[in-house]
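Q: Mind assembling these two chains? They're in different frames, but the hints should get you there.
These protein sequences, in sequence, are chains A and B.
Convert by adding 51 to the 1-based position in the first sequence; the result is the number in this note's numbering.
Convert by adding 4 to the 1-based position in the second sequence; the result is the number in this note's numbering.
Hints should not be assumed to be uniformly reliable.
As the list claims (entries may be wrong) - Short derived list, chain A residues pointing at chain B, Cβ under 10 Å:
| id | residue |
| --- | --- |
| 1 | Glu87 |
| 2 | Glu95 |
| 3 | Ser98 |
| 4 | His124 |
| 5 | Ile136 |
| 6 | Glu191 |
| 7 | Val233 |
| 8 | Ser380 |
| 9 | Gly416 |
| 10 | Asn422 |
| 11 | Gly426 |
| 12 | Ala432 |
| 13 | Ser447 |
| 14 | Ala452 |
Claimed, not checked - Once the Cα atoms are required to be at most 30 Å apart in a straight line, the calculated DSSO-like pairs of lysine-lysine come out as:
| id | chain 1 | residue 1 | chain 2 | residue 2 |
| --- | --- | --- | --- | --- |
| 15 | B | Lys262 | A | Lys252 |
| 16 | A | Lys302 | B | Lys129 |
| 17 | B | Lys77 | A | Lys169 |
| 18 | B | Lys263 | A | Lys282 |
| 19 | B | Lys263 | A | Lys252 |
| 20 | A | Lys346 | A | Lys484 |
| 21 | A | Lys282 | A | Lys491 |
| 22 | A | Lys238 | A | Lys215 |
| 23 | A | Lys116 | B | Lys170 |
| 24 | B | Lys88 | A | Lys246 |
| 25 | A | Lys171 | B | Lys88 |
| 26 | B | Lys88 | A | Lys169 |
If you are wondering where the hints come from, they were derived from the structure by calculation, not from laboratory data.
We put the CB at the ideal spot given by N, CA and C, even for glycine.
Listed below are the residues making up each chain.
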Amino acid sequence: MNYKKFFELAKSKGIEASELYSAKKYSLSFELFHSEVSSYSTSETFSMSARGIYNDKFGVVRTEKVDAKTPEHLVDEIISNAKVIEKADKALLFKGSDKYQKRNLYNKDIPAISIDQKMKNLFEIEAKLKKADPRIVEIEGVQYSEDAIEVNLVNSYGLNLKSKSNYYVYAASVVVKQGEEVKTGYKVLLSNDPKELDIDKFVDQVVENATSKLGGTQCDSKKYPVILNPKTAASFLDPYLESASAEEVQKHSSLFIGKLNQQVASKKVTILEQPLLKNCFFRYFDDEGVATVNKKIVEKGILKTYLHNLETAQREGTTTTGNGYRGGSKIGVGFVNPSIKPGRKSEADLLAKIKTGVYISSVAGLHAGLNPQSGNFSLQAEGFMIRDGKLAEPLSLITVAGNLLDLFMNVREVANNAELQLSGISAPSLLIKNLAISGK
Amino acid sequence: MIGKSLAIDVLNAGLVTGADFAEIYLEQNDSSFLSLENGKTESSLSSTTYGAGIRLLNKLQSVYGYTNDISRKGLMNLATSLAKSFQGERLITVEKINKVRVKNAHVYERPLSEVSREEKIALMKEAHEVISSYDKRIVRIQCSFMNNRKVVTIFNSDGKQFADFKERGRMAFVAIASENGKIETSFEGPGATAGMEFFTAKISVRDTAKRVAELAIKMLTAAECPSGKMPVVIGNGFGGVVFHEACGHSLEATAVAKKLSVFSDSLGKQIASPLVTAIDDGTIANGWGSNNIDDEGNPTQRNVLIKDGICTSFLVDSFNGRRMNAKANGACRRESYKYEPTSRMSNTFIAAGNSTHEEIIAATKLGLYAASMGGGSVNPATGEFNFSVSEAYIIRDGKIAEPVRGATLIGSGADILMKIDMVGNNLQRAQGMCGSVSGSIPADVGQPTIRVSEILVGGRGGVLK
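For reference, chain B alone in the conformation it holds in the complex (with noise of 0.2 Å):
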């Protein structure tokens, strides 16, 4: 990309009216997409980003500005433009750049750049087989594969570069179910950021498929959800995004720095049930949201954020620590350099508790069981949420009774993390897309199965009976 002199010219450039801190972020990200509509492959696309993105900051203000043009000339014009947005003496000049270390933590056996599209597109069509044959009312299949490799260097005015590479692949299989008029739609996208391997090996995307197709039929024949308040037990798994959605964000120093969260002033006070433990990880070993760094050089962590009910740490990137008085904590993100970073989550889950799946269900007399989750938007000032729920039965007696389709959870986030009464011992993790100010990024959510002593749940079936 660029060489060290380049990049002290630049940084120089952008300092020059006062700034105190800058930052010039590179990267290419080169990505494939394949796409197979009802079993024949529809579309094979690559693609290649490829620019610079140049952070000043100066105090409590930054500038940012990114271009494709990498050139001398580019980035230089993009610097000194950025840097008439201040009108100060030069506070730094950055002499000498230090290469520091960056320690990999993710294996590839096989990586995705080097698999041939033909085997990716075999190991779809497998899954495509065993949707398609499970049931006839199974209209439509859709199974996608997307890989990308980023390569990213950074240089600063603390004369630090750091340069890392990541691979990431998901898969995706979509069913649609139709009968008399109706439709319905399943879904599932496991991910990693991991090589081939992930895919043959750790996950069976057999068994993966069958779960879509199954699901898909069950919800077709399913009665509407009934609606209004009612205990509501949220399977393990992607029922985190519930957390992620309604609490993580709000936990984040975009919205906590400027105190438009509703945990601005929540650090050493109960925000949870005694009962609720919650970790951010971006350091998984090939986890779908890890980082060996984050996007401004920091190494990622393992941040506690809630422990026993207690609010212990938020999610902070440099910038927004300054107006907070808080350390970065590795947890800096954007989807690519078109973005500023701020702090974004990775691998974010409610930990492990004491009950069983079992117990859970059974300790509950009337209420909503929702398997699994769709999903949904929180407003982080009032902590105001909702999800779709795509997978739901009917606790009847402690027993899982009838499914039902169409259900959506509401409430706000506050409200809820109190509202949890139990939490079992089944902590799983489940991958997604989350989308903020700093652009589209992979995140991993989780949790054991818990129970909700009372949510709003909306549904056209009428009340619960």
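The following block holds chain A by itself, in its conformation from the complex (with noise of 0.2 Å):
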């Protein structure tokens, strides 16, 4: 499309300022069920949100129909969307900032690779999961994915910046049985040095995540001394950091209202975000072109910051935190690379601490069972009774509940194994004072 024209287009209607921010993206992907490539798929789509300011207010479009009319189209469907909005907020597009950590994380060796290597990659993952274990039944798949996404930002001040970044996944699931008791098990890998797959040690955690649930019982309702595995401690910690997010707060729907440098954590808890990190997350500019910084939300439990964007800063009088990200119909607050901050302690060193308890390896239901406004949560979870330091008997069928706050208050220890998961959270073990377990 012709971006002249759109931004000649946009002034000469009325629009005051006005952005494009395309996206191009590539997909490969492909599966092999029972030996054969059950399914393969590749794309190419590009897309265009265009923002306007028309009498103070945001007018928004998106499309994927890019011909001579698009122009006219996006500039009419600003001023009608923006003649609605009543919002009281000023709407504001950002002018650029002083200076960018721009840096390129497109992996081009993940494309050099030929597509039949990678296809051999799978069919070695299947070959060695047939004969990793005789309780494994049915391998469900194996997959590879690769996706690249270039994506443009420009606006009528002049700002136009450019980011490019690729990954690749390999996942696999088994199913096991043993007696009349099925179980499923997987591994996911997300990378994009294509030097991190090692066949032999994904395909061991494959079998070691599916076997190891067998055997699964339930253990006595009552409250437990918790260890959350890093992804477990992860996946509570999406949702903890949502109260962080200045929108929520100035809309009364944060557990962190009113919470600024005071305790919202135990003291042995850091929470970082690391948008420059070097990995497949990387952003050195947020959705609205604000340059990203590495930073502190929570220190050692007390909270540092709220998280903004531009509006969220304009309402409270401070600038932008470089936390503003697409999401829905808006540009909302998000953030890249979360993580909590590593201890000393082993994984081991934790369980030692406990005589009798539970560890939890996954829980499922988190869209459902937790409410991120009043930080309650019931969910579904599995895991391993402790029994005198040590993991003992896998637990199925089981529910964690609880509220948030009040975990993050009684994290008693944090351990040193932190694992990246493809959410792009990263978290250790984390041994919670108790938490309580339903089971039989």
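A: As structure tokens, this is what we get:
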């Protein structure tokens, strides 16, 4: 599309300032089932999002249909949409930060590896899974996918920012059976460095994830000291950090209202946001074009900052923290590469502190069973009993219930085993004073 | 979009290496989203998705690609690159394409794509007023109005062309109540494949808004739900989400064909209590999950999945049907051209039984009444599920007693189906979005009031006494 034509047309129709955000995406994926390629998929798409300020209000429009009429369509929709907006905030577009820590995180090695080689890796994973354990009765699927995205943010103030990134994923899932008991296990590897694939290690992790669940029982319903593994700790960190959003605070839906510079977690907990960390989630500008910065959100249990975009910052007369990210129909508040700072002790050290307790290895149903506004949760979980400082029998179909704020206030120990999850969140194992578990 | 002659060229380019079936799916989806935050219009977005997906099948293999460059060059490139996945000789050549007549089952008195933003906003403001005047403890109210018009054209190597359009609309109301540091939220989201008349005449937006307000306040003052195994009465309407998640997904060919479902070998066998008959019906006029044709062109059907406890049918798409030796039954769906289609639910519900709602409550001495449900999820291989309950009460001596909050239901689908021991006569459907491999699609869930003799309930209120 002719960007210049859009900006000129917008100006001539009374749009004070305007912005175009385009995204070009490429994807490739394939899957093996019973030693055959059961699906193969490839795509190339282009989408464009335009925002414009008309009578101090934002009009927003998105389209994937790009032709000669597109500039006119975008301008007309910006005006029609802006006309019905009633909120008091004055719409703002960003003129640019003084400095950007630009870095190219696009790894040419990913597309450079032949499709044949990537297929061979899948066949090797499948063959090794087949031989790995007699209790594996089915390999549900072995998948590879890669994605690349190129974004370009341009506005009528002359800001022009580009970024390009890519990553790949290997995933495998197996069904194991012992007697009448059926369990599934899986492993997903996400990275932008092809050297990180270690097939034997990957296979071991799939098998371990599935077989360790066999023999699962339910424990007595009561409060237990709990260890959350890195994945589960990350699952809880995501909704907890929603409360750090200034937007949620301003709209009375945060657990952190009035808690700036106060204690929101135990002294053992430090939470960072590191958008400039060199991994596949790296971002050097947010979706409003503001340069991002690494920061401490919670330091030794004390809430150090709320997260702002241009609009939430304007409401409080402060400056944006570079956390304006697209969500749904507007720019909301988001975070990139959040993490709980690892401690010094190993997970084994944490286990050793518990005589009788529960180790949680995964929780399900977060979208429905956890209310980020009230912090209350009641979730399906699985894991192990902890007896005399060691993992004992597996537990399945248990529930864990509590409140997010209480959970973080009750962190007794933080382990050193941080793991980056698919969600982009990194956390180590946490020892929680106690949580309500129901089983039998 | 594209003409027959280009379609024939693209299909033939895809078939060159021996694929036995080729299909082009073209789509333009224009949608509008309006939202109100505390009574003021906060956002208004118009959005267009536009593109094509090409699918090639070769026995039990499928290849899929999509693009939004639907020029001759763009489509030919995509078909040619997908064809490289196979190494055979051409089996089929498409010579001509005939248009198949698609019958429209839905009436749109006032299509939402022609209703002004201002009129939709006025209706949301009415709902906002009802909620905000209900109780001072309601601190935040969100209302939204989404509608879309989707125009679809499908060409396939059987020489067929299908063209269809659909318009859906959904309103959503969220009330957030707060007192003494406690926060509770409640939600309702009515929708249909229909015009503005659905919101102004078919349902009462004011009544829906009032229910949202009432529930938020009721849950704010409720005690924590007790935990443990207990009899659970699940209310009608959205209560059907339990069947949808815990059983419906396991009856989709997506899981059944590869024998990855607990019900893979269950056809003709008893999988539920004899009181249970369950149906997936994609033909319901103006239904939220209805379609005239599915996303591979087959007319939608009313499929009886379970009859008196016996598994009678799966939901089958043509590709997975190959592995199962079963015929497709109009259940192939996808969110958009960005997804390869597969078997999915449409409007799925447990049929009405004989008991009244009152009889079911009266027959329960001590248990939980899950009046309305939140969302949940399930593992189709094991059937293990979890659901949050958004409105719940303890049943004591056959009467609905105190409200409780924070309840979760946990169990396995196969187990729960057998434990349904009472089925009510008050069938109702409710709207939701169902997420799975082929994306997020509109789907109705539904059921009458049912009772399950025992479910594990999770909560923070200790043991039920």
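Q: The structure should be examined with respect to each hint, and the outcome stated for every one.
A: Outcome of the hint check:
1. Glu87: holds, 6 Å
2. Glu95: Holds: closest Cβ of chain B sits about 5 Å from glutamate 95 of chain A, inside 10 Å.
3. Ser98: holds, 8 Å
4. His124: Because about 8 Å separates histidine 124 of chain A from the closest Cβ in chain B, which is inside the 10 Å limit, the hint holds.
5. Ile136: holds, 5 Å
6. Glu191: holds, 6 Å
7. Val233: Status holds, d = 5 Å.
8. Ser380: At 4 Å from the nearest chain B Cβ, serine 380 of chain A passes the 10 Å test, so the hint holds.
9. Gly416: holds, 4 Å
10. Asn422: For asparagine 422 of chain A, the interface hint holds, since the closest Cβ of chain B sits about 6 Å away, which is under 10 Å.
11. Gly426: Hint on glycine 426 of chain A: holds, closest Cβ of chain B at ~8 Å, below 10 Å.
12. Ala432: Holds. Min distance 9 Å.
13. Ser447: holds, 8 Å
14. Ala452: At about 5 Å, which falls below the 10 Å cut-off, the nearest Cβ of chain B leaves the hint on alanine 452 of chain A intact, so it holds.
15. B/Lys262 to A/Lys252: holds, 27 Å
16. A/Lys302 to B/Lys129: The hint holds at about 18 Å.
17. B/Lys77 to A/Lys169: Between lysine 77 of chain B and lysine 169 of chain A the Cα gap is close to 28 Å, so the pair holds against 30 Å.
18. B/Lys263 to A/Lys282: holds, 29 Å
19. B/Lys263 to A/Lys252: OK: lysine 263 of chain B and lysine 252 of chain A at ~27 Å, within 30 Å.
20. A/Lys346 to A/Lys484: holds, 28 Å
21. A/Lys282 to A/Lys491: Holds, at roughly 25 Å.
22. A/Lys238 to A/Lys215: Holds: lysine 238 of chain A and lysine 215 of chain A sit about 27 Å apart, inside 30 Å.
23. A/Lys116 to B/Lys170: holds, 19 Å
24. B/Lys88 to A/Lys246: This hinted pair holds, its Cα atoms lying about 28 Å apart.
25. A/Lys171 to B/Lys88: It holds: about 17 Å lies between the C-alpha atoms, which stays within 30 Å.
26. B/Lys88 to A/Lys169: holds, 16 Å
Taken one by one, the earlier hints all hold for this structure without exception.
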